[in-house]
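K.L.:
Join these two chains into a complex; the hints should help.
Keeping their order, the protein sequence lines are chains A and B.
Here the first sequence stands for residues 1 to 323, where the numbers follow this note's numbering.
Here the second sequence stands for residues 1 to 122, where the numbers follow this note's numbering.
Hint data in this document are derived by calculation from the structure and do not stem from the laboratory.
Bear in mind the structure is a predicted one, so any value in this text is a computation, not a measurement.
Check each hint, because a few of them may be wrong.
To be verified - Quick list of in silico lysine to aspartate or glutamate cross-link-like pairs, DMTMM-like style, CA-CA up to 20 Å:
| # | chain 1 | residue 1 | chain 2 | residue 2 |
| --- | --- | --- | --- | --- |
| 1 | A | K234 | A | D247 |
| 2 | B | K81 | A | E99 |
| 3 | A | K26 | A | E5 |
| 4 | A | K171 | A | E217 |
| 5 | A | K41 | A | E5 |
| 6 | B | K82 | A | E97 |
| 7 | B | K81 | A | E217 |
| 8 | B | K82 | A | D106 |
| 9 | A | K299 | A | D262 |
| 10 | B | K82 | A | D90 |
| 11 | A | K320 | A | D262 |
| 12 | B | K111 | A | D27 |
| 13 | A | K26 | A | D90 |
| 14 | A | K320 | A | D304 |
| 15 | B | K38 | B | D22 |
| 16 | B | K68 | A | E172 |
| 17 | A | K260 | A | E217 |
| 18 | B | K82 | A | E87 |
| 19 | A | K136 | A | D106 |
| 20 | A | K260 | A | E198 |
| 21 | B | K81 | A | D90 |
| 22 | B | K81 | B | E58 |
| 23 | B | K81 | A | E96 |
| 24 | B | K81 | A | E97 |
| 25 | B | K82 | A | E99 |
| 26 | A | K24 | A | D39 |
| 27 | A | K179 | A | D196 |
| 28 | A | K84 | A | E104 |
| 29 | B | K101 | B | D22 |
| 30 | A | K57 | A | E268 |
| 31 | B | K111 | A | E217 |
| 32 | A | K144 | A | D161 |
| 33 | B | K18 | B | E58 |
| 34 | B | K82 | A | E96 |
To be verified - Among the chain A residues that face chain B by a calculated CB cut under 7 Å, a handful are:
| # | residue |
| --- | --- |
| 35 | R34 |
| 36 | P56 |
| 37 | F94 |
| 38 | G95 |
| 39 | V98 |
| 40 | F232 |
Even for Gly, the Cβ is constructed at its ideal location relative to N, Cα and C.
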Amino acid sequence: MNLAELNSNVRIYTPSNYKFISVKGKDSIDLLDRLTTNDLKSLKSMEHAYSLLVSPKGRMIEILSILNLEDQIILGCSAESLNKVLEWIDFYTFGEEVEINLDEKDYQSKIMIMGENSIPFINSIFGIDMSLSEGKSMFIALNKPLYGRIKLLVVNKNYFDFGHYEIYASKEDIDYVLKLLKKNNGNFEFVNYLNDDEFNNYRIVNNLAGYPTEINENYNPLEAGLKKYINFNKGCYIGQEVIARLDTYSKVKNRLVLIKSDTEVNSELINENKHIGNITSYTSSDFYNGDYKLAYIRKSFIKDSESDFNFINNAGSEIKVYI
Amino acid sequence: MMNKPSAQRDNSGSLTIKITSDAVNHIRSFGELEGKNKTNLRVAVKGGGCSGLTYVLELAENPTNNEKVISENGMELYVDKKSYIFLAGTTLEYQGGLNGKGFVFHNPNAKTTCGCGTSFSV
Chain A
1 MNLAELNSNV
11 RIYTPSNYKF
21 ISVKGKDSID
31 LLDRLTTNDL
41 KSLKSMEHAY
51 SLLVSPKGRM
61 IEILSILNLE
71 DQIILGCSAE
81 SLNKVLEWID
91 FYTFGEEVEI
101 NLDEKDYQSK
111 IMIMGENSIP
121 FINSIFGIDM
131 SLSEGKSMFI
141 ALNKPLYGRI
151 KLLVVNKNYF
161 DFGHYEIYAS
171 KEDIDYVLKL
181 LKKNNGNFEF
191 VNYLNDDEFN
201 NYRIVNNLAG
211 YPTEINENYN
221 PLEAGLKKYI
231 NFNKGCYIGQ
241 EVIARLDTYS
251 KVKNRLVLIK
261 SDTEVNSELI
271 NENKHIGNIT
281 SYTSSDFYNG
291 DYKLAYIRKS
301 FIKDSESDFN
311 FINNAGSEIK
321 VYI
Chain B
1 MMNKPSAQRD
11 NSGSLTIKIT
21 SDAVNHIRSF
31 GELEGKNKTN
41 LRVAVKGGGC
51 SGLTYVLELA
61 ENPTNNEKVI
71 SENGMELYVD
81 KKSYIFLAGT
91 TLEYQGGLNG
101 KGFVFHNPNA
111 KTTCGCGTSF
121 SV
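One chain only, chain B, in its complex shape (with noise of 0.2 Å):
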């Protein structure tokens, strides 16, 4: 029998992490150019970067077991305990066009972000 993944879902709706419906829509044409049925997203902090925080992206299917689960705008994000603490509040957003930058990171608890954006310090 398969364990099944004790990730724990938040509907508390207070300190999440948002994400907005243009976003959605990128991740979700990224998954299926990478053919894939099912497409929510991890969202994770590592150290390293200017600025010694930076941000994680990656599609992912599932949570594993240590994940918080947020749902927003139809989408599950995935966040581990630790990162959740550097990210609560954040919205994540996408800013498209030849002058956007991609997915842009609004998080409240960042005091300094690097001259690229990707690294943030608390």
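Next comes chain A alone, as it looks inside the complex (with noise of 0.2 Å):
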């Protein structure tokens, strides 16, 4: 598997399953800043940032996307933990002045464009310049036949830290949004559409946590790769006080790791009779035969090591670690 050729294609994806709730009210910002883990007081106007709901005790509850539109909050989470957020944000609100409703209007679905050419790509297609810094957000005019002008959300996420841009849109205007980009590639050659296995696989062999075969409350967000989420100067949150001894004291216990195995294995990592991890994510059988995976693997196995490393399970199947 050659990364650096998968990322440099463009990919797109438009996932089923992702909901955007609004946050609107004076104290939308103070709350969500109080309940998560990156610093939101300082996300300015059309400025985005990921920030983690935690548990008291570190866990992971959701990844949010939350973008600041000045007017309201948009939130973004996966369907499957929509409901478990919304109760999450209701239980933390008491005299706070929020209004928070799922977004069934404005922003319901969205357009993932990934890899290094995803600016490019864009610029290319809609003909306007759309290059961002990392965070921040643009609105675009579309000319739509029989319809109008509409109004896109053009945001530059980087979860994929090589190129990722995100279009934010009604369910009908990103529809359009996608026939029009596959109607017309510009030029580039290589522009992949993914459905949810392709988007998943991909995910995967990028090292990226997912909900929820990754990021739950089994793991903390130390462990999951996603530090660059948390803020560890800006006071107060939610399980602030776990996070920030395990990362002080080195006492994160596992990592997130891409593994590979040509052979069937079980989801428990078993080395010299010790369990050493768990396998978390599998790619589909037809990508690479499925050989890719994501496991959180125990750092005392792990040790220091700065290449990639095999080892031999109890199955006595070989395994390659990626570090």
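P.N.:
Structure below.
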């Protein structure tokens, strides 16, 4: 597998299982800042950040995509976690002036455009320079035949840190933009439209945690490789004390890694009769025979390895660990 | 005509919130420093803090519509209904002196508290 080549292509994905929540009211940012890991108080208008909901024990509830549109905050999360996220926020909301609703009008769907060429691709399709620095967003207007002008929200999100833009709009407008993209690949020869399985493969080989397989209450964000979405200077938020202690005293037990094995392996990884980790996600069988997987592996087993290494599990299968 | 606040007065004495006379004296002195003639106390909880829920103390003169009113040691405590769920049975005391922590909540609902004692989980 050539990851560099894989990531240089343009990959487009419209998740069917994604939800947007609108948060309005003067206390919105203050409340979300107290409940999540990142510094949201310095999030300016039209800026985006990822921030995690974690339990008081520092375990992950969900990663939220948070966009400040000045008059409202747009939260994004997986459809599977929606009720949990809404209940979590509701539980911790007391007298704050906030109004929280599922967005069923303006932002119902999104197109993810990933890969190193994502911005040249978007620019060539729309004919506008949409280069944005990380975490910035902009509105663009587009002419939709027989309808008029539609407004799209473009965000540089960078969860995939080699280029990752997203377009937010209503369901109908996203369908229209998707048709437009498919009709015109610009000068780009390699544009792949991913289905759910293909996106999952792509996420796995890029070692990115997903909900609920890696992002769940069994693990903390430091184990999941999501440290960049934690602000260690912002002061108190739910779970802060535990997370700060894990980081300061190097007490993080597991590390999320990409592994490869060309034979079927059990989800529990055992080496020399010791439990060393668990596989959490599998690529589909039509993608490099399903050889690539994501696993949480004990840091005591990985030690300070700075390069990839192999080990043999108890069933005799050779497993490669990518560092 | 002004609407009278419809706050509920609790005279039952069961599962109430208590405040020690020392804490009342300190709150009164804070009120005087702010030039207030009548000082009562709003006690609440908000989401956040390391353990999930943080205590809120605020000088107040009157309750709002949704607050429960508890009279204790000559002071009125105003508590909104949702906060009351997490505070019922709590005693608020004041620990002075060089090693004192100031206002301290003894909350029987708190399963864990954070290191600095300002937040708790249930």
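K.L.:
Indicate, hint by hint, whether the structure satisfies it.
P.N.:
How the hints compare with the structure:
Between A:K234 and A:D247, the direct Cα distance comes to roughly 15 Å. Compliance with the 20 Å bound is thereby established for this hinted pair. Taking the CA atoms of B:K81 and A:E99, the gap is near 19 Å; set against the 20 Å cutoff, the hint holds. Restraint check for A:K26 and A:E5: not satisfied, since their Cα atoms lie roughly 46 Å apart, outside the 20 Å limit. Restraint check for A:K171 and A:E217: not satisfied, since their Cα atoms lie roughly 31 Å apart, outside the 20 Å limit.
For the given pair, A:K41 sits about 38 Å from A:E5 by alpha-carbon distance, which is inconsistent with the 20 Å threshold. Distance check on the hinted pair: B:K82 and A:E97 sit about 15 Å apart at the alpha-carbon level, within 20 Å; holds. Restraint check: the Cα-Cα separation between B:K81 and A:E217 comes to about 30 Å, which exceeds 20 Å; the hinted pair is violated. Between the alpha carbons of B:K82 and A:D106 the distance comes to roughly 32 Å, so the proposed pair goes past 20 Å and is violated.
Annotation: proposed proximity of A:K299 to A:D262 is violated, straight-line Cα distance about 23 Å (limit 20 Å). Restraint check for B:K82 and A:D90: satisfied, since their Cα atoms lie roughly 11 Å apart, inside the 20 Å limit. Our distance criterion of 20 Å between C-alpha atoms is met by A:K320 and A:D262, whose separation comes to about 10 Å. Taking the CA atoms of B:K111 and A:D27, the gap is about 28 Å. The hint is violated against a cut of 20 Å.
Taking the CA atoms of A:K26 and A:D90, the gap is about 16 Å. The hint holds against a cut of 20 Å. Pair hint A:K320 plus A:D304 holds up; C-alpha atoms about 16 Å apart against a cutoff of 20 Å. For the hint linking B:K38 to B:D22, the alpha-carbon distance of about 17 Å falls within 20 Å, and the restraint holds. For the proposed pair B:K68 and A:E172, the alpha carbon gap of about 48 Å is over 20 Å, so the pair is violated.
As the CA atoms of A:K260 and A:E217 are separated by approximately 25 Å, the hinted pair breaks the 20 Å bound. With a C-alpha separation of about 15 Å, the suggested pairing of B:K82 with A:E87 holds against the 20 Å cut-off. For a cut-off of 20 Å, the pair hint linking A:K136 to A:D106 stands: about 19 Å separates their Cα positions. A threshold of 20 Å between alpha carbons decides the hint, and for A:K260 with A:E198 the separation of about 17 Å falls inside it, so the pair holds.
Using a Cα cut-off of 20 Å, the hinted pair B:K81 and A:D90 holds, with the two alpha carbons roughly 15 Å apart. At roughly 16 Å between alpha-carbon atoms, B:K81 and B:E58 fall within 20 Å of each other, so this suggested pair holds. Between B:K81 and A:E96, the direct Cα distance comes to roughly 14 Å. Compliance with the 20 Å bound is thereby established for this hinted pair. This hinted pair checks out: B:K81 and A:E97 have alpha carbons roughly 16 Å apart, not beyond 20 Å.
About 17 Å separates the Cα atoms of B:K82 and A:E99, which keeps this hinted pair within 20 Å; it holds. Simply put, A:K24 and A:D39 have alpha-carbon atoms about 18 Å apart, close enough for the 20 Å limit, and the pair holds. For the proposed pair A:K179 and A:D196, the alpha carbon gap of about 18 Å is at most 20 Å, so the pair holds. Note on A:K84 and A:E104: the hinted pairing holds, with a Cα-Cα distance of about 18 Å set against a maximum of 20 Å.
Between B:K101 and B:D22 the CA atoms are separated by roughly 14 Å; this keeps the pair inside 20 Å, and the hint holds. With a CA separation close to 24 Å, the supplied pair A:K57 and A:E268 exceeds the 20 Å bound. At roughly 19 Å between alpha-carbon atoms, B:K111 and A:E217 fall within 20 Å of each other, so this suggested pair holds. Distance hint between A:K144 and A:D161 is unfulfilled; the C-alpha atoms sit about 32 Å from each other, more than 20 Å.
For the suggested pair B:K18 and B:E58, the alpha carbons sit about 16 Å apart, so the restraint of at most 20 Å is met. At most 20 Å may separate the alpha-carbon atoms for a hinted pair to count; B:K82 and A:E96 meet this at roughly 12 Å. About 3 Å separates the beta-carbon of A:R34 from the nearest beta-carbon of chain B, less than 7 Å, and the hint is met. The criterion of a C-beta within 7 Å of any C-beta in chain B is met by A:P56, whose closest approach is roughly 5 Å, and the hint holds.
At its closest, the beta carbon of A:F94 sits 5 Å from a beta carbon of chain B; the interface hint therefore holds under the 7 Å criterion. Here the hint on A:G95 is kept, as its CB sits about 6 Å from the closest CB of chain B, short of 7 Å. For A:V98, the shortest C-beta to C-beta distance to chain B is roughly 11 Å, which exceeds 7 Å, and the interface hint is violated. Given hint, A:F232 at the interface with chain B, is violated; its Cβ is 13 Å from that chain's nearest Cβ, farther than 7 Å.
Violated hints for the displayed structure, listed by number in ascending order: 3, 4, 5, 7, 8, 9, 12, 16, 17, 30, 32, 39, 40.
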